[in-house]
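Residue numbers (my numbering), protein chains in the order written: chain A, 1 to 393; chain B, 394 to 786.
Some hints could be false.
[Stated by the list, open to error] Subject to a maximum C-alpha distance of 20 Å in a straight line, what follows is the list of computed DMTMM-like cross-link-like pairs (lysine to aspartate or glutamate):
(1) B:K506 to B:D484
(2) A:K348 to A:E332
(3) A:K74 to A:D156
(4) A:K227 to B:E421
(5) A:K300 to A:D279
(6) B:K467 to B:D549
(7) A:K227 to A:E240
(8) A:K312 to A:D212
(9) B:K506 to B:D556
(10) B:K579 to B:E516
(11) B:K705 to A:E219
(12) A:K312 to B:D672
(13) B:K705 to B:E725
(14) B:K620 to A:E28
(15) B:K722 to B:E712
(16) A:K227 to B:D605
(17) A:K227 to B:E712
(18) B:K705 to A:E332
(19) B:K738 to B:E721
(20) B:K438 to B:E572
(21) A:K227 to B:D603
(22) B:K620 to A:E209
(23) B:K467 to B:D631
(24) A:K312 to A:E381
(25) B:K446 to B:E421
(26) B:K620 to A:D212
(27) B:K620 to B:E704
(28) B:K722 to B:E704
(29) A:K312 to B:E612
(30) B:K467 to B:E516
(31) A:K86 to A:E58
(32) A:K113 to A:E88
(33) A:K227 to A:E332
(34) A:K345 to A:E240
(35) B:K579 to B:D549
(36) B:K579 to B:E633
(37) B:K620 to A:D210
(38) A:K312 to B:E516
(39) A:K86 to A:E115
(40) B:K705 to A:D156
The hints are simulated quantities; they were obtained by calculation from the structure and are not laboratory data. Just so it is clear, the structure is predicted and the values come from calculations on it, not from any experiment.
2 protein chains.
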Amino acid sequence: MLDFTYHIPTKVVFGRNSLNALASLIREAGATHVLVHFGGQSAVKSGLIDKVKAQLEEAGVRYTLLGGVAPNPKVSLAREGVALCKREGVDFILAVGGGSVIDSAKCIALGAKMEEDVWNIFERKVRPSEALPIGSVLTIAAAGSEMAGGLVISNDELGLKRDYGTPALRPVFCIENPELTYTVSKWQTACGTVDILMHTFERYFTPTEDVDFTDELCEGLCRSVIKAGSIAYENPTDYEARATLMWASSLSQNDLMGMGRRADWATHQLEHDLSGMYDNVSHGAGLAVIFPAWCRYVMKHNIARFCRFAEKVWGISGEGLTQQQHAEKGVEAAQAYFVSLGMPKDLKAFGVDPDRLPEMAEKCSFNGQRTLGGLHTLNTEDMLHIYRLAYGD
Amino acid sequence: MLDFTYHIPTKVVFGRNSLNALASLIREAGATHVLVHFGGQSAVKSGLIDKVKAQLEEAGVRYTLLGGVAPNPKVSLAREGVALCKREGVDFILAVGGGSVIDSAKCIALGAKMEEDVWNIFERKVRPSEALPIGSVLTIAAAGSEMAGGLVISNDELGLKRDYGTPALRPVFCIENPELTYTVSKWQTACGTVDILMHTFERYFTPTEDVDFTDELCEGLCRSVIKAGSIAYENPTDYEARATLMWASSLSQNDLMGMGRRADWATHQLEHDLSGMYDNVSHGAGLAVIFPAWCRYVMKHNIARFCRFAEKVWGISGEGLTQQQHAEKGVEAAQAYFVSLGMPKDLKAFGVDPDRLPEMAEKCSFNGQRTLGGLHTLNTEDMLHIYRLAYGD
Numbered sequence: 001m002l003d004f005t006y007h008i009p010t011k012v013v014f015g016r017n018s019l020n021a022l023a024s025l026i027r028e029a030g031a032t033h034v035l036v037h038f039g040g041q042s043a044v045k046s047g048l049i050d051k052v053k054a055q056l057e058e059a060g061v062r063y064t065l066l067g068g069v070a071p072n073p074k075v076s077l078a079r080e081g082v083a084l085c086k087r088e089g090v091d092f093i094l095a096v097g098g099g100s101v102i103d104s105a106k107c108i109a110l111g112a113k114m115e116e117d118v119w120n121i122f123e124r125k126v127r128p129s130e131a132l133p134i135g136s137v138l139t140i141a142a143a144g145s146e147m148a149g150g151l152v153i154s155n156d157e158l159g160l161k162r163d164y165g166t167p168a169l170r171p172v173f174c175i176e177n178p179e180l181t182y183t184v185s186k187w188q189t190a191c192g193t194v195d196i197l198m199h200t201f202e203r204y205f206t207p208t209e210d211v212d213f214t215d216e217l218c219e220g221l222c223r224s225v226i227k228a229g230s231i232a233y234e235n236p237t238d239y240e241a242r243a244t245l246m247w248a249s250s251l252s253q254n255d256l257m258g259m260g261r262r263a264d265w266a267t268h269q270l271e272h273d274l275s276g277m278y279d280n281v282s283h284g285a286g287l288a289v290i291f292p293a294w295c296r297y298v299m300k301h302n303i304a305r306f307c308r309f310a311e312k313v314w315g316i317s318g319e320g321l322t323q324q325q326h327a328e329k330g331v332e333a334a335q336a337y338f339v340s341l342g343m344p345k346d347l348k349a350f351g352v353d354p355d356r357l358p359e360m361a362e363k364c365s366f367n368g369q370r371t372l373g374g375l376h377t378l379n380t381e382d383m384l385h386i387y388r389l390a391y392g393d
Numbered sequence: 394m395l396d397f398t399y400h401i402p403t404k405v406v407f408g409r410n411s412l413n414a415l416a417s418l419i420r421e422a423g424a425t426h427v428l429v430h431f432g433g434q435s436a437v438k439s440g441l442i443d444k445v446k447a448q449l450e451e452a453g454v455r456y457t458l459l460g461g462v463a464p465n466p467k468v469s470l471a472r473e474g475v476a477l478c479k480r481e482g483v484d485f486i487l488a489v490g491g492g493s494v495i496d497s498a499k500c501i502a503l504g505a506k507m508e509e510d511v512w513n514i515f516e517r518k519v520r521p522s523e524a525l526p527i528g529s530v531l532t533i534a535a536a537g538s539e540m541a542g543g544l545v546i547s548n549d550e551l552g553l554k555r556d557y558g559t560p561a562l563r564p565v566f567c568i569e570n571p572e573l574t575y576t577v578s579k580w581q582t583a584c585g586t587v588d589i590l591m592h593t594f595e596r597y598f599t600p601t602e603d604v605d606f607t608d609e610l611c612e613g614l615c616r617s618v619i620k621a622g623s624i625a626y627e628n629p630t631d632y633e634a635r636a637t638l639m640w641a642s643s644l645s646q647n648d649l650m651g652m653g654r655r656a657d658w659a660t661h662q663l664e665h666d667l668s669g670m671y672d673n674v675s676h677g678a679g680l681a682v683i684f685p686a687w688c689r690y691v692m693k694h695n696i697a698r699f700c701r702f703a704e705k706v707w708g709i710s711g712e713g714l715t716q717q718q719h720a721e722k723g724v725e726a727a728q729a730y731f732v733s734l735g736m737p738k739d740l741k742a743f744g745v746d747p748d749r750l751p752e753m754a755e756k757c758s759f760n761g762q763r764t765l766g767g768l769h770t771l772n773t774e775d776m777l778h779i780y781r782l783a784y785g786d
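With the rest of the complex left out, here is chain A:
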C-alpha cells in the first residue's frame, strides 16, 4: 500500500427530501451572492430551478442565473460565467445538474479568482489552488464531480478536452435526491453507469500490489452498480437502483476507491480526445468503446489482474481456462454489459473517420510530449493501436 492523504470534506445530504436542506447549507457556507449554474431548459420546465430559487430566497441571499451548459462543457461559456462573477461580486457557485454543469461551475470558480484567461490553467501555464466555493444539486449520476476535486473542460476553438484538479475545487456540499434522476433518459442512464464503472475500473487496474482492501471495495461497488444500472435502464423510477447509482457515482470518484495505490487513467484520457474531436460522442459511450480495446492491448502486462477482474467483478470462474482465456472472458463480459445498455461496440458507430485516428493519438499524447497509463505506459503509437482496435478493424 502506498502512502496517501484522504480528505473529503464535502457534505452529502442524500434522499427524497434533501433539497429542503439547501437554504441551511447556503447559510452555513456564508454565501451572499450565488451564481446558479445549470444546463438546458429541462431544469426550468421541471420546476427544479423554481425550488432552488425558493430555497435561496429562504436563505436570504442574492442570486444570478446562468444556464446553457451542454455535455462536454465549453470554456467559452465558463468565460462568460467568470466575467459575470467578477462583475456582480458572486461569492458562491451552485451547480444544478450533472457532471458537465459541475465541471463548468468549477472552471468558473477558478477563473473568478484569476487575472488571466482561465484556459491558461489547462495549458499548464498556471496552477492555481484558489477557487470560489461550490455546491451542487445533482441531477445525473455519472461523473462523480460532486465530491471530487477535478474537472474536465473543452476548448471548442482548439478541439481540445483537458482536465485539472486541486483540493479547493472539492464542493462544500452536494444535495443528492435519486428522484431527480427518474427523468434521465435510457441513453444517459447507460452512459452514467459506464462512467461510474470506469472511474472504478481505472483505479482497479493498478500496478500497485497488495491492496486487497481497496480491491474489495472496488469490486463491491462495481457489482452493485452493474445490477443497479440494468434495473434503472429498464425501470427509470426504481428508487433503490437510482439511489445506488447516485451514491456510487460520488464514491467512485471521491478518491476512496483508489486509496493506497496508483491508478491507470488511460481509458479516460483516450476518450477525452475522442469526444474532444467528435462532439457527438457522449463521454460514457466513448469509454464503453475504448475500454475493451485498452484491455485487449495491455492485458498481457498483468494478466493476473485481468483474471481477478473476470472472477470478482463478472463472476466468471477460471476453471478449465488459460489465464489468457479467463482474462478475455472478463473483457467480453464488460463489453456485453455495455452493449446490453445500448452502448455502441466500436468507433465506426460514431461515424469516426479512420484517417483521423493518427491526429487523435497525436492530440492525446500532446504531440508526443506525454505518455499515459499506470498499469502499462502508452506512447503515441500505443494510443493509435488502441484507437484502431476500438475502431473495429
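Model the placement of chain B on the given structure of chain A, informed by the hints.
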C-alpha cells in the same frame, strides 16, 4: 435506502512518513497551545512522544503533556484534563494512542467548553454540540474513534460505561502510520480486529431492506480484515496487514459502512456494561463473547440476513442446509475465527459471577428505561437471556 447525511471532514495522512506531517497539520488547525494526551509509558519509551514534541516545536506552539489513559478510559482522568485545559488556555487536543486515548481526549474536549461537570453529558442532562478541536496520532487499529464523532467513557465510582456523539467531536486530522502498530501485542491485535469487525457487523445487521451497495462495502471490508487480522496476529510486522487493519478501523466506524440504513448496536451496548462492571474485560474480547450469543438469540427474526452473512462474509455455501443450519454455520465461523485469535469463548473465562448477570442487564437497560437493537428490539429480560447464553450455561 433511508435518507442520510454524510460528512466526514477528518483529514487522514496515512503511511510510513505520516508523522512528519504533524507540524503542518497543527499549523493548519490554528492551534496555539496543545494538550498532548497519551496512555502508558510505552509511548514515551518508544520515542514517539519525543517525535511528537519535535513536531510541535517545529510548528511553534506551546504544549502540555497528560498521560495515564488506561483501557476503558475513566472520566476521573478526563476531569483532570478539563481542569488543565481551562487553567492553561489549551485550544487543541492531540491524542497519541488508540481509541481509549482518543475517547478520553474527546471527553476533555467537551468538558473544556462546559461550566458543569462533564459526566452530566453521559447522564443526558446536557447535550453539548461544542468541543475543542482534536487531532490524533493513531497507535492501535481498533476503535475507529479517529474519524468518528462519538466516544465511550467509564465512570469508575458508578461502575458505568456510557457513550455520546456529536459532529463537533470528529477529529480534524488523523496520522496513521501502520509501523506504529508493530509493537501492539497479539492480544491487543486480536481485540482490535474483533472491534473493527463488530463495528461493521453491527451496521450490517440492519432491519433496512435493499441497501445492497452498503452490504457489498461491509462484506468486502470484513473479508479483508479477517485475512489481515490473522496475518498480523502471526506476523506483527507485516506492513500490508497492519495497513489494512488501520485503514479499515477508520472506515469501519466513520459512518461509511452504515449509510442509508439503521444499525443494531446491541452487542456494543451489552459489552459496555460487561466491561463497565468487570475491568479485566477488554472491549474486543467482550464483543467476541457477546456477539455469537446475540446472534443465536435474535437470528430467527431475520434468518435470511444471517444466511447472507454466512455466505458472503465467511464463504459458507447454503447448499444442502436449512436456513437455520446455514445461519448457525456463519455464527460458528465467526466464533471460531475469534477463538483462533486467542479470544475467549464465554463469560466464565473472564471470571464473571453468574449471579451478577441480572444486575448487568439492569444497568444495560438503564433499569428498564431503554431497549436496545435495530434488527430486533431487546428488553431487560432479552438482555439477561443473551448474557446467560454468553456465560456458557
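Do the hints match the structure? See the list:
1. B:K506 to B:D484: holds, 10 Å
2. A:K348 to A:E332: holds, 19 Å
3. A:K74 to A:D156: At roughly 6 Å apart (the allowed maximum being 20 Å), A:D156 and A:K74 satisfy the hint.
4. A:K227 to B:E421: Distance ~43 Å between A:K227 and B:E421 Cα, so the pair is violated.
5. A:K300 to A:D279: violated, 33 Å
6. B:K467 to B:D549: holds, 6 Å
7. A:K227 to A:E240: holds, 11 Å
8. A:K312 to A:D212: Cα-Cα ~12 Å, so holds.
9. B:K506 to B:D556: holds, 18 Å
10. B:K579 to B:E516: At roughly 35 Å apart (the allowed maximum being 20 Å), B:E516 and B:K579 break the hint.
11. B:K705 to A:E219: Given that 20 Å is the threshold and the Cα spacing comes to 13 Å, the pair holds.
12. A:K312 to B:D672: violated, 44 Å
13. B:K705 to B:E725: holds, 14 Å
14. B:K620 to A:E28: violated, 43 Å
15. B:K722 to B:E712: Answer holds: B:K722 to B:E712 is near 12 Å, not above 20 Å.
16. A:K227 to B:D605: holds, 10 Å
17. A:K227 to B:E712: violated, 24 Å
18. B:K705 to A:E332: violated, 26 Å
19. B:K738 to B:E721: Distance of about 16 Å is within 20 Å: holds.
20. B:K438 to B:E572: Judged against 20 Å, a Cα distance of about 16 Å means the pair holds.
21. A:K227 to B:D603: holds, 12 Å
22. B:K620 to A:E209: holds, 16 Å
23. B:K467 to B:D631: violated, 33 Å
24. A:K312 to A:E381: Status violated; Cα separation ~32 Å.
25. B:K446 to B:E421: At roughly 17 Å apart (the allowed maximum being 20 Å), B:E421 and B:K446 satisfy the hint.
26. B:K620 to A:D212: holds, 10 Å
27. B:K620 to B:E704: holds, 16 Å
28. B:K722 to B:E704: Measuring from Cα to Cα gives roughly 9 Å; hence the hint holds.
29. A:K312 to B:E612: Measuring from Cα to Cα gives roughly 13 Å; hence the hint holds.
30. B:K467 to B:E516: Answer holds: B:K467 to B:E516 is near 15 Å, not above 20 Å.
31. A:K86 to A:E58: violated, 25 Å
32. A:K113 to A:E88: holds, 14 Å
33. A:K227 to A:E332: Holds. A:K227 to A:E332 sits at ~17 Å (cutoff 20 Å).
34. A:K345 to A:E240: Roughly 29 Å separates the two Cα atoms, so the pair is violated.
35. B:K579 to B:D549: Cα-Cα ~27 Å, so violated.
36. B:K579 to B:E633: Satisfied, since the Cα-Cα distance of roughly 17 Å is no more than 20 Å.
37. B:K620 to A:D210: Cα-Cα ~12 Å, so holds.
38. A:K312 to B:E516: Roughly 48 Å separates the two Cα atoms, so the pair is violated.
39. A:K86 to A:E115: holds, 10 Å
40. B:K705 to A:D156: Violated, at roughly 49 Å.
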